[in-house]
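Peer 1: Here is what each chain is made of, one letter per residue.
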Amino acid sequence: GDSVTQMEGPVTLSEEAFLTINCTYTATGYPSLFWYVQYPGEGLQLLLKATKADDKGSNKGFEATYRKETTSFHLEKGSVQVSDSAVYFCATSGGYQKVTFGTGTKLQVIP
Amino acid sequence: EAQVTQNPRYLITVTGKKLTVTCSQNMNHEYMSWYRQDPGLGLRQIYYSMNVEVTDKGDVPEGYKVSRKEKRNFPLILESPSPNQTSLYFCASSFTGVAGYTFGSGTRLTVV
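In order, the protein sequence lines correspond to chains W and G. Read left to right, the first sequence gives residues 1 to 111 (our numbering). Read left to right, the second sequence gives residues 1001 to 1112 (our numbering).
Okay, chain G solo, but in the shape it has when bound:
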């Protein structure tokens, strides 16, 4: 089944403790992206990648890092999480942007 898999689904962590949210897609898509969803703000793009080793900042990249060492994987790294990064995070992938994105099921992160 074609899908984008994110892990974990839920995560509670403490301020400053490094964490990684994994994202993997099995559709051989070149384009991958991370979004955060907050009430009243919709989805905002954090980082995106157009291919292996090619990444760029989205609208809200501060406090996040990404890497794209393999085509299928696009992990999101929070080096020193803070409470304002409490949010619902989505990974998405696409063959081409005009075809639309396939989204993962989301990761609900709480930073205390």
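Looking at chain W on its own, in the form it has when it is part of the complex:
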């Protein structure tokens, strides 16, 4: 079945630092790829998505590019803020109902 591997956390960065959270996946066919964010005490929110190879998803300064050749979908942000502190989940959807999540990466941004 599908699987998603994310870098282990927690990741601790100073404010305005550059962020990369690595994500690789295994899936059959041509899955859609997602990043979700979970703030403390809340449900997951869709952050960005990409539906085909070479697509770049972007939102709130975050970006990720669908790399089929390396089966990766790394999340990046040029300058993180304290308010970005949260848990980030990479996910793949090979079908409308089947979404496979990674284990999540906790990001802590310190002033």
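It should be emphasised that the hints constitute simulated quantities derived from the structure, not laboratory data. Glycine included, C-beta positions come from ideal geometry on N, C-alpha and C. One or more hints might be untrue.
Residues from chain G shown here face chain W by an in silico Cβ test under 10 Å; the list is partial [said to hold, decoys possible]:
id, residue
1, 1042
2, 1064
3, 1102
For chain W, the structure is supplied; the task is to place chain G on it using the hints.
Peer 2: Just chain G now, kept in the frame of chain W:
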């Protein structure tokens, strides 16, 4: 406001006492799903539904039941809860899977 509403937010129960966690969405989404979140394991799908009266098992369906009698509602039923079902549960809905899911705020269940 478009949302997925779960109730209750917190629940403590005893082993074997049947319970239901409700989930309702107001976006006319066809796809709905239940997940449990456990430390170090991420989110695992319990059951999903593609439309009214159409449901199927996810990765960890044992000990759970669901029903989809109306499009907006997708309750999760634990007939005989056990301590290993202590977890954080999320309901989610989507118009199409490729558009991504909208999640509820979660239900933290403790079974003692």
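Peer 1: Next, verify each hint and record whether it holds.
Peer 2: Going through the hints against the structure:
no.: 1; hint: 1042; result: holds (4 Å)
no.: 2; hint: 1064; result: violated (16 Å)
no.: 3; hint: 1102; result: holds (7 Å)
When each numbered hint is compared with the structure, a violation occurs for hint 2 only.
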